[in-house]
Amino acid sequence: MAVRCLVIEDEDDTAAYICGRLNEAGCAAVSCGNGVEGLRLAAGEPWDVIILDRMLPGGTDGLSILNALRDRGIATPVLVLSALASIDERVIGLRNGCDDYLTKPFAFEELQARIEALLRRSAQKQDFAELRIADLRLDLQTRKAERANRPIALQPREFRLLEYLVRRQGQIVTRTMLLEGVWDYRFDPQTGVIDVQISRLRQKIDKDFAPPLIHTIRGAGYMVSVNE
Amino acid sequence: MPRLPGTVAFRLSLGYGVLVVGSMALIASLFYFGTVGVLSKGTDRKISAISGRLTETYRNNGLDALEREIQSLLDDGIDSDTEVYFLAAPDGHKIGGNLAALPQSTPFDQLSDQRVTRAGRASLSRLLSRRLPSGEILVVGRDMEDQRKIRLLVWRSLAIGGAVAFLIAIGGALLFRRQMEGRIAAIRRTAAKIETGDLSWRVPRSASEDEFSRLDRDINHMLDRIQHLMDGVRHVSNTIAHDLRTPLGRLRAQLDSASRPGKTLEQVTLAVRTSVAGIDDLIAIFEKLLQISEAEAGARRQSFSPVALGPILTDIVELYDAMAEDKGIDLRIEIGDEPATLGDKDLLAGAVANLVDNALKYAGVGATVLVKATADGNTVSIVVQDDGPGIPVEERSKVTERFYRSVTSRNQPGSGLGLALVRAVVTLHRGRLHLDDGNPGLIARIVLPRADADPVQLRRVQAGQTASIV
Numbered sequence: 113m114a115v116r117c118l119v120i121e122d123e124d125d126t127a128a129y130i131c132g133r134l135n136e137a138g139c140a141a142v143s144c145g146n147g148v149e150g151l152r153l154a155a156g157e158p159w160d161v162i163i164l165d166r167m168l169p170g171g172t173d174g175l176s177i178l179n180a181l182r183d184r185g186i187a188t189p190v191l192v193l194s195a196l197a198s199i200d201e202r203v204i205g206l207r208n209g210c211d212d213y214l215t216k217p218f219a220f221e222e223l224q225a226r227i228e229a230l231l232r233r234s235a236q237k238q239d240f241a242e243l244r245i246a247d248l249r250l251d252l253q254t255r256k257a258e259r260a261n262r263p264i265a266l267q268p269r270e271f272r273l274l275e276y277l278v279r280r281q282g283q284i285v286t287r288t289m290l291l292e293g294v295w296d297y298r299f300d301p302q303t304g305v306i307d308v309q310i311s312r313l314r315q316k317i318d319k320d321f322a323p324p325l326i327h328t329i330r331g332a333g334y335m336v337s338v339n340e
Numbered sequence: 192m193p194r195l196p197g198t199v200a201f202r203l204s205l206g207y208g209v210l211v212v213g214s215m216a217l218i219a220s221l222f223y224f225g226t227v228g229v230l231s232k233g234t235d236r237k238i239s240a241i242s243g244r245l246t247e248t249y250r251n252n253g254l255d256a257l258e259r260e261i262q263s264l265l266d267d268g269i270d271s272d273t274e275v276y277f278l279a280a281p282d283g284h285k286i287g288g289n290l291a292a293l294p295q296s297t298p299f300d301q302l303s304d305q306r307v308t309r310a311g312r313a314s315l316s317r318l319l320s321r322r323l324p325s326g327e328i329l330v331v332g333r334d335m336e337d338q339r340k341i342r343l344l345v346w347r348s349l350a351i352g353g354a355v356a357f358l359i360a361i362g363g364a365l366l367f368r369r370q371m372e373g374r375i376a377a378i379r380r381t382a383a384k385i386e387t388g389d390l391s392w393r394v395p396r397s398a399s400e401d402e403f404s405r406l407d408r409d410i411n412h413m414l415d416r417i418q419h420l421m422d423g424v425r426h427v428s429n430t431i432a433h434d435l436r437t438p439l440g441r442l443r444a445q446l447d448s449a450s451r452p453g454k455t456l457e458q459v460t461l462a463v464r465t466s467v468a469g470i471d472d473l474i475a476i477f478e479k480l481l482q483i484s485e486a487e488a489g490a491r492r493q494s495f496s497p498v499a500l501g502p503i504l505t506d507i508v509e510l511y512d513a514m515a516e517d518k519g520i521d522l523r524i525e526i527g528d529e530p531a532t533l534g535d536k537d538l539l540a541g542a543v544a545n546l547v548d549n550a551l552k553y554a555g556v557g558a559t560v561l562v563k564a565t566a567d568g569n570t571v572s573i574v575v576q577d578d579g580p581g582i583p584v585e586e587r588s589k590v591t592e593r594f595y596r597s598v599t600s601r602n603q604p605g606s607g608l609g610l611a612l613v614r615a616v617v618t619l620h621r622g623r624l625h626l627d628d629g630n631p632g633l634i635a636r637i638v639l640p641r642a643d644a645d646p647v648q649l650r651r652v653q654a655g656q657t658a659s660i661v
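Residue numbers (the numbering used here), protein chains in the order written: chain A, 113 to 340; chain B, 192 to 661.
Calculated from the structure, these hints are not laboratory results.
By construction, the Cβ of each residue, glycine as well, lies at the ideal position given by its N, Cα and C atoms.
Simulated pairs of lysine-lysine, DSBU-like, Cα-Cα distance not exceeding 30 Å:
hint, chain 1, residue 1, chain 2, residue 2
1, B, 237, B, 285
2, B, 518, A, 256
3, B, 552, B, 479
4, B, 518, B, 536
5, B, 552, B, 563
6, B, 552, B, 518
7, B, 479, A, 216
8, A, 216, B, 536
9, B, 563, B, 479
10, B, 552, A, 316
11, B, 563, B, 589
12, B, 518, A, 319
13, B, 589, B, 552
14, B, 479, B, 536
15, B, 589, B, 536
16, A, 319, B, 552
17, B, 479, B, 589
18, A, 316, B, 518
Here are a few chain A residues that face chain B, going by a calculated C-beta distance under 10 Å:
hint, residue
19, 198
20, 312
21, 330
Isolated chain A, as found in the complex (with noise of 0.2 Å):
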């Protein structure tokens, strides 16, 4: 079934490239230009995620459309998309009980990103005892890989990111995603230094077999997935 995504956003243009681009990547996206009527739509239909821009125009605003939902008990993961950049913000909009906080401008690609992560953190979690793609097997106990029966020798940082990656099969990962989770720092990286450890990963997982499993996806990140 389709992924169920409410467009809260009053700028027509953005809405529509973002339910356009969100519905052509299979999910069921519907848009909404004002506050109340959103706030409606998100507490009286069920969603798998909310797409929710901070400022809109009338009394109701983003923040108080989430406080309203959390006050209902309603859990569902809600992005919130503002022109508002400061740390600050992010903190405000992160304490009202926003899941992930992203800022205008954009590319999609960390907006999908973004909202595959969440869709991933609100379905259960599953302790796995190993990791497959394709012909890819990592042990996550003896943390050793291997690829078409052949032991793979990785580096533990490098075990980590191909975990990290192969985790989120098809879904893109941005560079910041990246550093913050396998490296477990908060700051933007300068472009080349995730590249080469990618390009290191890929000469051990990619360059003798096929098919390729990591992907760069342009202006975002990379993917692991069996096909392009």
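Here the structure of chain A is known, so what remains is to put chain B in place on it, guided by the hints.
Relative to chain A, chain B alone:
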């Protein structure tokens, strides 16, 4: 000129004047009762005593003895100017004494002031009359003229003194007000100049070291800071306007030429893709500018906690290891003495990553890049040293400015914001960024306060001692 009662100076001096007059009145009344009061009380006591003694004489020895006693008191030459004695028969006739007649309406057994005629001269006297058991009237008293004069004198001098003190208080208040207004006027003039937009004005320094000069100094410090920030804002807006024009122009040209007739779909798609990438670069630049200004605003200091530098450097070096290897650069690390500072782990890591990135970018093939952290005294240092071409002296102070790209780096990818961000982050951490000559190469050194450093020592570090501060 403000209305007088509305000024603080007036109110202060009024209060001060009231205080002066009040304390003058207190002193005067103490003085008055201490002199005139004591004097008249002594007189009263003396009159009562003499009257009692004379009554005793009468009781023991009779009227004649009393008469003789009075006469001898009048003749003894003591107090003869002021003493008053009078003895009258029950019908009021004079028996003896130095008054012309019995004063009228003298109350008995009670001291009172009476006008009497003594030695042919009218005078004011204090009298005590008594009726003796046989009916005669005994009057004992003192002439009060002298005391009256003394009292007058005291009153007069108190009045004059009070008036003079009052005048001095008013004069002092006026002087005080003028002085205060003078000092405040200097501040107000400066405020007015600032208001018109001339931020370079300062309150003139005064020679004295008082509350006002301290206030002046505080105001001037505040103005320095404001001017610095304003300059920063102006500089940033200028550079943004200037440096974003080029990429915007390029984008516009790309899209414009893509929209000309006769372009194939591939060409248009390519142009759109390049444009989107160009816009992404612009967004990244804005993001970085925002980070810089956020670091400069200093709000994040509230969440600072002790951060060990060793693990950060190890992580960053590990992160960049592969890149260094690809570029044929030897990336080394040295950690000594478990250096730690108060700060934000992510911001510091970002700053170090920036320096390492720069070193790898510019040092060249075969170079060595050394990343080092040390603790020395009250500071900790992070050093990123390479043996590449370095930065010419004249460019060193400019490379930390936003958008500055040195001649050698213009053909390398980059926004020209990296070192500006590093500097902003270091300043946020109350530290300093030094760029020194490595002979050859560049030594980028971040000096930060130690996590447990003594605050007094810290201020000295922040004041800066090295010549190569940028």
